[in-house]
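Peer 1: One line per chain: the protein sequences are A and B, in this order. Residue numbers are given in the working numbering: position 132 of the first sequence equals residue 1131, and the series is strictly consecutive. Residue numbers are given in the working numbering: position 378 of the second sequence equals residue 411, and the series is strictly consecutive.
Heads up, some of the hints might be wrong.
[Stated by the list, open to error] Rough simulated footprint, nothing fancy, chain B against chain A, three-plus residues with beta-carbon under 8 Å: (1) 1100-1108; (2) 1133-1140.
[As the list claims (entries may be wrong)] Which bits of chain A does chain B cover? Going by a derived footprint, with three or more residues having C-beta under 8 Å, they are: (3) 1025-1036; (4) 1083-1089; (5) 1115-1126.
Note that these hints are calculated values from the structure, not bench results. Cβ atoms here follow ideal geometry from the backbone N, Cα and C, with glycine treated the same way.
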Amino acid sequence: MTVGYEPWDTARGAEIIAEHAGLEGATLVILHALQEAFGYVPEPAIPMVAEALNLSRAEVHGVFTFYHDFRKQPAGRHILKLCRAEACQAAGGDALAARAEAKLGISLGHTTADDRVTLEPIYCLGLCATAPSAMLDGRLVGRLDDARIDALVAEAQR
Amino acid sequence: MTMRIYVPRDAAAVAVGADDVALAFAQAAAARGTAIEIIRNGSRGLCWLEPMVELSTGQGRIAFGPVTAGDVPSLLDAMAGNGQHALWLGVTDEIPWLKRQTRLTFVRCGVVDPRSVDDYRAHGGYRGLERALTLTSDQILADVTTSGLRGRGGAGFPTGIKWKTVAQANADRKYIVCNADEGDSGTFADRMIMEGDPFVVIEGMTIAGITVGATKGYIYIRSEYPHAVEAMNAAITAARRAGLLGKRIGGSAHEFDLEVRVGAGAYVCGEETSLLESLEGRRGIVRAKPPLPAHKGLFGRPSVINNVLSFAAIPFILDNGAKAYADFGMGRSRGTMPIQLAGNIKYGGLFETAFGVTLGDLVDEIGGGTFTGRPVRAVQVGGPLGAYFPRALFDTPFDYEAFAARDGLIGHGGVVVFDDTVDMVKQARFAMEFCAVESCGKCTPCRIGSTRGVETINKIINGERVAENLAVVEDLCNTMKFGSLCALGGFTPYPVMSALKHFREDFGPAPARLQAAE
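Isolated chain A, as found in the complex:
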């Protein structure tokens, strides 16, 4: 979703970091805020976070790489997350994931060559009684079937 995000800018990055640096245990808060602004956590931001929080660069890098959410490069224009956990598996999620992969020509965890769609697994959206479910750019969709997954994929490709 490079569309709608600001391009990386050192001054803007510093501003975001300064905004949250006073919080207790601020690292995750700052990384979230950076990703929200830029769509990913640009590498030059890591030493800046470290300096602001009086941590080593390795510590911040360690936090950044531990969590699945943080991206080191921009995702595709749209992010389609398919729930792959047990409740969705029980409701036919395996076949739907395979269908989405086939339609997009990529496997889960990848971005289409035209940078339009990033397809990712997610482990539980908490919509387990209206399974299978997915999230397209933050919008939740439950009770997926072939027609709905096709529509979601088509929407993401636009």
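Given the structure of chain A, go ahead and fit chain B onto it with the hints provided.
Peer 2: Just chain B, lined up with the frame of chain A:
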């Protein structure tokens, strides 16, 4: 007269079109010049009926569902007229699935406007805190202990004892931490209560704060729950404005404030010490215990860390008395459990009931079997770390000890139903895969054991030396179970071993050759 219409804003309802329905109501009413008030409530938990719309009437609230945007014009006709409609469900509180529940924790969920302190108060909210403010710390602790409440996150540790330990600790600062990292598949009760009745969580945490002498609380919500984050933040702001958070709570001498922190997609952060590390801004690596978080928790200070549902149970206990809560349940499992029926199930949703209901009743009678109409083959109870139970164990009562006695766990109360198309060797492999991906890496049994587990189960699937490899899986499971630091590595053997024990036929041919050789 203005018609008052409830359209849920719960994520599960939104995922099946509730926002479109709300918009359609607003547009259709405006076009007709009909005066309506739309309240975006939480979900009542009858998920197969979502979006379930309600109309306020003199006879109580009348429900309709599942509603699509296209149904709205005819619904408005019905609502303005005699109420007749194909989607009519009758008086909401009389719907049998809802009526047979015992809602103590979820009593207001789906009923109130989750953004309104006044509505919360009008439905009995903040009476628990008001009473707590008249009691001493010891008196509150006595109530919580006598209620028999045990940690609803899964471990089932007595809440009263945990609170007492923190209350007795000496420190310059103490913290209240709410574990809202509800990562288990098949569970959504935390999400529902945060979205549908967030003030009950705030009230429970506030009572914890004044009991143990903490002035600051954190709610750690997983990033997969953006709606819950929004709802909790809105409720915290409203509670502050009403003088129910901040300095001099409710006019008393007590101070307590809350902050929401958002996780970043690590399942292991649902483990309490890993969550504390994450809150402190570090990798979510599990801590060795002792020291217990009650002694050295967040930022090294004594901390109460409880699940959302544990905190949400507290206001009822303080308001109605410990006995009123403890009167429900069986054995050492007192009170009610918000059970979540999920997966391939006909009538899925949130079913709060006293401990003791059998798994069979939950799946067959209440849940109505599978939505595919095929026979139920396996039920996983307690999330990705819970055991798979076959129909033969459906007489197991929902109770911490009864499930443990059958090598299972109730965990956070999630029940995921699978029909007869499930391949249990694949489910066993998934359990190991999930553990391998989500392991924090601190202890070897979990980090290495899960990876070896995936490899070995793959060999079994390929038919390579099945008997020998099954022995390896069993051995790995024993090492993980007894050698891991936390429940991730320690409980991953439950789904694996239960699949093997109860569904042996899915793991390739039985070892006939060995018998023949004897």
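Peer 1: Against each hint, give a clear statement of whether it holds in the structure.
Peer 2: A quick look at each hint next to the structure:
| no. | hint | result |
| --- | --- | --- |
| 1 | 1100-1108 | violated (count 0) |
| 2 | 1133-1140 | holds (count 3) |
| 3 | 1025-1036 | holds (count 6) |
| 4 | 1083-1089 | holds (count 6) |
| 5 | 1115-1126 | holds (count 6) |
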